[in-house]
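Peer 1: So the chains spell out like this:
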Amino acid sequence: DTAVSQTPKYLVTQMGNDKSIKCEQNLGHDTMYWYKQDSKKFLKIMFSYNNKELIINETVPNRFSPKSPDKAHLNLHINSLELGDSAVYFCASSRQGTGELFFGEGSRLTVL
Amino acid sequence: SQQGEEDPQALSIQEGENATMNCSYKTSINNLQWYRQNSGRGLVHLILIRSNEREKHSGRLRVTLDTSKKSSSLLITASRAADTASYFCATDRPDSWGKLQFGAGTQVVVTP
Chain A
1 DTAVSQTPKY
11 LVTQMGNDKS
21 IKCEQNLGHD
31 TMYWYKQDSK
41 KFLKIMFSYN
51 NKELIINETV
61 PNRFSPKSPD
71 KAHLNLHINS
81 LELGDSAVYF
91 CASSRQGTGE
101 LFFGEGSRLT
111 VL
Chain B
1001 SQQGEEDPQA
1011 LSIQEGENAT
1021 MNCSYKTSIN
1031 NLQWYRQNSG
1041 RGLVHLILIR
1051 SNEREKHSGR
1061 LRVTLDTSKK
1071 SSSLLITASR
1081 AADTASYFCA
1091 TDRPDSWGKL
1101 QFGAGTQVVV
1111 TP
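So the sequence lines, in the order shown, correspond to chains A and B.
1 is the number of the first residue of the first sequence in the numbering used here; add one for each residue after it.
1001 is the number of the first residue of the second sequence in the numbering used here; add one for each residue after it.
Just so you know, not all the hints are guaranteed correct.
As the list claims (entries may be wrong) - Under 7 angstroms between C-beta atoms, here's a sample of chain A residues computed to sit facing chain B: (1) Y10; (2) F42; (3) I45; (4) I56.
To be verified - Mimicking EDC-like on lysine to aspartate or glutamate, the simulated pairs with C-alpha atoms at most 20 angstroms apart in a straight line are: (5) K1099/B <-> D30/A; (6) K1056/B <-> E100/A; (7) K1099/B <-> D18/A; (8) K40/A <-> D1095/B; (9) K41/A <-> E1005/B; (10) K19/A <-> D38/A; (11) K1099/B <-> E100/A; (12) K44/A <-> D1095/B; (13) K1026/B <-> D30/A; (14) K9/A <-> E53/A; (15) K41/A <-> E1053/B; (16) K1026/B <-> D1095/B; (17) K71/A <-> E24/A; (18) K41/A <-> D1007/B; (19) K1026/B <-> E1053/B; (20) K1099/B <-> E82/A; (21) K44/A <-> E1055/B; (22) K36/A <-> E1005/B; (23) K44/A <-> E1005/B; (24) K40/A <-> D1007/B.
The hints are simulated quantities; they were obtained by calculation from the structure and are not laboratory data.
Heads up, the beta-carbon is just placed ideally off N, CA and C, and yes, glycines get one too.
When you get a sec, could you build the whole thing from the sequences and use the hints?
Peer 2: This is how it looks when you write it as structure tokens:
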């Protein structure tokens, strides 16, 4: 009965590969997010979807493409992976207007 | 750019002591939130304080907000070893559509 679940938890891959991270929430929230946490623990928002519509798209390379097939799912596809993409990627969700975010456990991506 | 900045970066205390950490931010806000992150886990929401509130309590947590100084503090009273974690402040700005801006966190270690 995990609220926000993301897979995989760990991902090790070579430079140049393409990979995807999936996220699902069962909280009935209408807004979902992708955040990136770097090695210094700094969290930066990447994307946000509200009811399947992209509402936040920060300055992220277009190698990163989010996709929300429905309100409960938000996936992140990364093309042509680079060393600098190594980080922990967090999915989060919220109910519009409440402000509080519910985070998944994170997906640690290591690019070799 | 980073909106919230926590101080100190790291804090080491003994069980039973109080832990205080501060957060400064740069622009006007709707609310300020505090999150906890245990090692290798996702962030967990602790408390939200709105811009028109000055103090809020939740269990052993006390949060203050001074909008004139653009700062907030989080006090954990009677700390326990289980409080060992990183603590992040996050600000929700009026023009941001729910986009939280996180600081780099305060790493708290509570020794038995």
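Peer 1: Is K1099/B within 20 angstroms of D18/A, Cα to Cα?
Peer 2: With Cα atoms ~27 angstroms apart, K1099/B and D18/A exceed 20 angstroms; violated.
Peer 1: Is K41/A close enough to D1007/B, meaning Cα to Cα at most 20 angstroms?
Peer 2: 14 angstroms, holds
Peer 1: Please verify whether K40/A and D1095/B have alpha carbons no more than 20 angstroms apart.
Peer 2: 27 angstroms, violated
Peer 1: Hinted pair, alpha-carbon criterion (20 angstroms max): K40/A, D1007/B. Please report holds or violated.
Peer 2: Roughly 15 angstroms separates the two Cα atoms, so the pair holds.
Peer 1: Would you settle whether the hint for Y10/A is holds or violated, based on the nearest Cβ-Cβ distance to chain B being less than 7 angstroms?
Peer 2: Given a least distance of 11 angstroms, the restraint on Y10/A is violated.
Peer 1: Can the hint on I56/A be confirmed by a CB-to-CB distance to chain B that is less than 7 angstroms?
Peer 2: 5 angstroms, holds
Peer 1: Starting from K1026/B, check that the Cα of D30/A is at most 20 angstroms away, please.
Peer 2: This hinted pair is violated, its Cα atoms lying about 29 angstroms apart.
Peer 1: For the pair supplied as a hint, K44/A and E1005/B, confirm whether the alpha-carbon distance does not exceed 20 angstroms.
Peer 2: At roughly 13 angstroms apart (the allowed maximum being 20 angstroms), E1005/B and K44/A satisfy the hint.
Peer 1: Under 7 angstroms, Cβ to Cβ, is where F42/A needs to be relative to chain B, so tell me if that hint holds or is violated.
Peer 2: For F42/A, the interface hint holds, since the closest Cβ of chain B sits about 5 angstroms away, which is under 7 angstroms.
Peer 1: Are the Cα positions of K19/A and D38/A separated by 20 angstroms at most?
Peer 2: 18 angstroms, holds
Peer 1: Against the 20 angstroms threshold, does the CA-CA distance of K71/A and E24/A hold or violate the hint?
Peer 2: This hinted pair holds, its Cα atoms lying about 9 angstroms apart.
Peer 1: Below or equal to 20 angstroms on CA atoms is what counts here, so check K44/A against E1055/B.
Peer 2: 27 angstroms, violated
Checked against the numbered hints given earlier, the structure breaks hints 1, 7, 8, 13, 14, 15, 20 and 21 and satisfies all the rest.
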